[in-house]
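A.B. asks: Sequence:
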Amino acid sequence: MTETSHAKKSGGSGAARTRGMGELERVIMDQLWSADQALTVRDVYTALSENRDIAYTTVMTVLDRLAKKQLVDRERDGRAWRYRSATGRDELAAEIMDTALGEDVQERTAALVAFADRVSPDEAALLLEALAAVEANRSSGPPHESV
Numbered sequence: 174m175t176e177t178s179h180a181k182k183s184g185g186s187g188a189a190r191t192r193g194m195g196e197l198e199r200v201i202m203d204q205l206w207s208a209d210q211a212l213t214v215r216d217v218y219t220a221l222s223e224n225r226d227i228a229y230t231t232v233m234t235v236l237d238r239l240a241k242k243q244l245v246d247r248e249r250d251g252r253a254w255r256y257r258s259a260t261g262r263d264e265l266a267a268e269i270m271d272t273a274l275g276e277d278v279q280e281r282t283a284a285l286v287a288f289a290d291r292v293s294p295d296e297a298a299l300l301l302e303a304l305a306a307v308e309a310n311r312s313s314g315p316p317h318e319s320v
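Quick note, in our numbering, the sequence shown goes up one by one and the last residue is 320.
Since the hints were derived computationally from the structure, they do not count as laboratory data.
Glycine included, C-beta positions come from ideal geometry on N, C-alpha and C.
One thing to keep in mind: the hints can contain errors.
To be verified - Pairwise CB distance ranges, derived in the manner of DEER restraints:
hint	residue 1	residue 2	range
1	311	228	44 to 50 angstroms
2	250	290	45 to 51 angstroms
3	278	253	42 to 48 angstroms
4	229	194	19 to 25 angstroms
5	249	278	19 to 25 angstroms
Construct all of the structure, not just a fragment, from the sequences and the given hints.
C.D. replies: In structure tokens:
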């Protein structure tokens, strides 16, 4: 049995997926992103317990919450669940940024200007390159689907 939790598959909102992601959730997501296969709670617990004092049940609870937030997909493997990231790190970061910007055009503009004012010259150059690449994709490909 597979339980798919990705927002685009289930219609969940990006805000629900990214709201209130804590430090332990990020650490667990890092484990899932770095794995080349779906992991059990035991796999994640074993990796994390090498560097921190953590209970197996805590890892299990956090993975369950990540599934409810649609950040991970899970599938049954006997009596256990196997977890994998429902989205890539870059896509999730973009969703978090988009959610943080809000929906009001003036607020989004002000936040983007404030962000641009804080980046280094190297980061600004990367942003300009990224914007040029996005614009090139939009002009040559099918219409862009908004998040």
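A.B. asks: Work down the list of hints and note, for each, if the structure agrees.
C.D. replies: Taking the hints in turn, this is what the structure says about them:
The hinted range of 44 to 50 angstroms is satisfied by residue 311 and residue 228, whose Cβ atoms lie roughly 48 angstroms apart. Separated by about 49 angstroms at the C-beta atoms, residue 250 and residue 290 satisfy the suggested range of 45 to 51 angstroms. Between residue 278 and residue 253 the Cβ separation comes to about 47 angstroms, which falls inside the hinted range of 42 to 48 angstroms. Between residue 229 and residue 194 the C-beta distance comes to about 21 angstroms, which sits within the given range of 19 to 25 angstroms.
Residue 249 and residue 278 have their C-beta atoms about 45 angstroms apart, which leaves the hinted 19 to 25 angstroms range violated.
Hint 5 from the list above is the single one not met by this structure.
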